[in-house]
Amino acid sequence: MTKTLVLKKPGKADYTSPNAWRPIVLSNGYAQLLNGCKAEDLVLMCENTGILPPNHFGGRPGRATTDSIHLMVKTVKDAWRKGEVALLLCLDVKGAFLSTAVDVLKHEMCQHRVPEGHVEWLKRRLEGRQTMLVFDNYWSELFDIKDGLDQGDVQSLIAWIIYNLLIL
Amino acid sequence: MPTLQVKDSITKAVTQEACTNEDKGDLFYQTFFPTHTALPAPAPTKPYPTLLWEYETVTDEQIHQAIRKMKPWKAMRFGMVPNLVFVHAQELLIPHLSPIFQATDTLKVYPSD
Numbered sequence: 073m074t075k076t077l078v079l080k081k082p083g084k085a086d087y088t089s090p091n092a093w094r095p096i097v098l099s100n101g102y103a104q105l106l107n108g109c110k111a112e113d114l115v116l117m118c119e120n121t122g123i124l125p126p127n128h129f130g131g132r133p134g135r136a137t138t139d140s141i142h143l144m145v146k147t148v149k150d151a152w153r154k155g156e157v158a159l160l161l162c163l164d165v166k167g168a169f170l171s172t173a174v175d176v177l178k179h180e181m182c183q184h185r186v187p188e189g190h191v192e193w194l195k196r197r198l199e200g201r202q203t204m205l206v207f208d209n210y211w212s213e214l215f216d217i218k219d220g221l222d223q224g225d226v227q228s229l230i231a232w233i234i235y236n237l238l239i240l
Numbered sequence: 036m037p038t039l040q041v042k043d044s045i046t047k048a049v050t051q052e053a054c055t056n057e058d059k060g061d062l063f064y065q066t067f068f069p070t071h072t073a074l075p076a077p078a079p080t081k082p083y084p085t086l087l088w089e090y091e092t093v094t095d096e097q098i099h100q101a102i103r104k105m106k107p108w109k110a111m112r113f114g115m116v117p118n119l120v121f122v123h124a125q126e127l128l129i130p131h132l133s134p135i136f137q138a139t140d141t142l143k144v145y146p147s148d
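Chains A and B, in that order, give the protein sequences. According to this note's numbering, the residues represented by the first sequence are 73 to 240, in order. According to this note's numbering, the residues represented by the second sequence are 36 to 148, in order.
Hints listed in this document are in silico derivations from the structure and should not be mistaken for laboratory results. All residues carry an ideal CB built from backbone N, CA and C; glycine is no exception. Hints are not guaranteed to be accurate.
Claimed, not checked - Reference excerpt, derived from the structure (chain A facing chain B, CB under 8 Å, subset only):
{"id": "1", "residue": "Pro90"}
{"id": "2", "residue": "Gly101"}
{"id": "3", "residue": "Glu112"}
{"id": "4", "residue": "Leu170"}
{"id": "5", "residue": "His179"}
{"id": "6", "residue": "Glu188"}
Claimed, not checked - Dumping the calculated BS3-like pairs for lysine-lysine here, alpha-carbon to alpha-carbon at most 30 Å:
{"id": "7", "chain 1": "A", "residue 1": "Lys81", "chain 2": "B", "residue 2": "Lys143"}
{"id": "8", "chain 1": "B", "residue 1": "Lys47", "chain 2": "A", "residue 2": "Lys166"}
{"id": "9", "chain 1": "B", "residue 1": "Lys81", "chain 2": "A", "residue 2": "Lys195"}
{"id": "10", "chain 1": "B", "residue 1": "Lys42", "chain 2": "A", "residue 2": "Lys195"}
{"id": "11", "chain 1": "A", "residue 1": "Lys75", "chain 2": "B", "residue 2": "Lys81"}
{"id": "12", "chain 1": "A", "residue 1": "Lys195", "chain 2": "B", "residue 2": "Lys109"}
{"id": "13", "chain 1": "B", "residue 1": "Lys106", "chain 2": "A", "residue 2": "Lys166"}
{"id": "14", "chain 1": "B", "residue 1": "Lys47", "chain 2": "A", "residue 2": "Lys84"}
{"id": "15", "chain 1": "B", "residue 1": "Lys106", "chain 2": "A", "residue 2": "Lys195"}
{"id": "16", "chain 1": "A", "residue 1": "Lys80", "chain 2": "B", "residue 2": "Lys106"}
{"id": "17", "chain 1": "A", "residue 1": "Lys166", "chain 2": "B", "residue 2": "Lys104"}
{"id": "18", "chain 1": "B", "residue 1": "Lys42", "chain 2": "A", "residue 2": "Lys218"}
{"id": "19", "chain 1": "B", "residue 1": "Lys47", "chain 2": "A", "residue 2": "Lys195"}
{"id": "20", "chain 1": "A", "residue 1": "Lys75", "chain 2": "B", "residue 2": "Lys143"}
{"id": "21", "chain 1": "A", "residue 1": "Lys75", "chain 2": "B", "residue 2": "Lys109"}
{"id": "22", "chain 1": "B", "residue 1": "Lys104", "chain 2": "A", "residue 2": "Lys81"}
Claimed, not checked - Derived, one-sided and incomplete: chain B residues facing chain A with beta-carbon distance under 8 Å:
{"id": "23", "residue": "Leu39"}
{"id": "24", "residue": "Pro84"}
{"id": "25", "residue": "Trp88"}
{"id": "26", "residue": "Gln97"}
{"id": "27", "residue": "Ile98"}
{"id": "28", "residue": "Pro134"}
{"id": "29", "residue": "Ala138"}
{"id": "30", "residue": "Thr139"}
Hey, can you work out the whole structure from these sequences and the hints?
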């Protein structure tokens, strides 16, 4: 059971919109450490076995946002040098972690030959979660988190990449 | 916290309003925990392909490495051990933490909070 604090996103013009607020779950240190170990192992083995797409930069060791910018600039300039027109389409996935379907994630992990130990461990970790929303000295009733990855969890990044392997 | 409003993305007309804390909580719940829209995972028609590597449980070195990556001053939940304790007392803690972490694999449980 966790408490989800509702905090203002800084610099928003209109705080009457629920999207101007963000959910924050404060960590349990032991769980964070264990999740960090599992995530570390999963990332390392996914990198070693080469199942991650070469054009994905987030949440991977040795890669940074600046690398993706270099790649984009190079791709654009290469197109210009050939006299072609470069077109850039930017997409923002709304609530990416929170809208992840855990059963699809498990299927994708098995399909990409990730060991059952990791799949089952993640399944155990994500089932039976409950939380309550806390704001303005108000505590909501406890409710079940039926799906999705945890925001701010170290394991969510690698899980999200695996979830999207088919489209990346 | 002000009264919350949901507006139509095109007309900007208010379609939903939450004045009480209960209503705001319901609205935040809808916003933060969206309804499952993905199609269910397809039932496997054949066995999954062979695994790429052998799964191993948590080792002491992995715990050391995870501690090295911790942000020492991060806010924790009330009553929880701060990251700073792990950073400075890892040699003392890891011999006790390691068997507990490994038990999540051997006993196939993830302890609830």
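These are the hints, each one checked on the structure:
| no. | hint | verdict |
| --- | --- | --- |
| 1 | Pro90 | 4 Å, holds |
| 2 | Gly101 | 4 Å, holds |
| 3 | Glu112 | 6 Å, holds |
| 4 | Leu170 | 6 Å, holds |
| 5 | His179 | 4 Å, holds |
| 6 | Glu188 | 7 Å, holds |
| 7 | A:Lys81 / B:Lys143 | 38 Å, violated |
| 8 | B:Lys47 / A:Lys166 | 19 Å, holds |
| 9 | B:Lys81 / A:Lys195 | 21 Å, holds |
| 10 | B:Lys42 / A:Lys195 | 36 Å, violated |
| 11 | A:Lys75 / B:Lys81 | 41 Å, violated |
| 12 | A:Lys195 / B:Lys109 | 27 Å, holds |
| 13 | B:Lys106 / A:Lys166 | 27 Å, holds |
| 14 | B:Lys47 / A:Lys84 | 17 Å, holds |
| 15 | B:Lys106 / A:Lys195 | 26 Å, holds |
| 16 | A:Lys80 / B:Lys106 | 23 Å, holds |
| 17 | A:Lys166 / B:Lys104 | 28 Å, holds |
| 18 | B:Lys42 / A:Lys218 | 26 Å, holds |
| 19 | B:Lys47 / A:Lys195 | 40 Å, violated |
| 20 | A:Lys75 / B:Lys143 | 25 Å, holds |
| 21 | A:Lys75 / B:Lys109 | 17 Å, holds |
| 22 | B:Lys104 / A:Lys81 | 26 Å, holds |
| 23 | Leu39 | 5 Å, holds |
| 24 | Pro84 | 5 Å, holds |
| 25 | Trp88 | 5 Å, holds |
| 26 | Gln97 | 4 Å, holds |
| 27 | Ile98 | 6 Å, holds |
| 28 | Pro134 | 12 Å, violated |
| 29 | Ala138 | 11 Å, violated |
| 30 | Thr139 | 7 Å, holds |
In this structure, the hints that do not hold are numbers 7, 10, 11, 19, 28, 29, in rising order.
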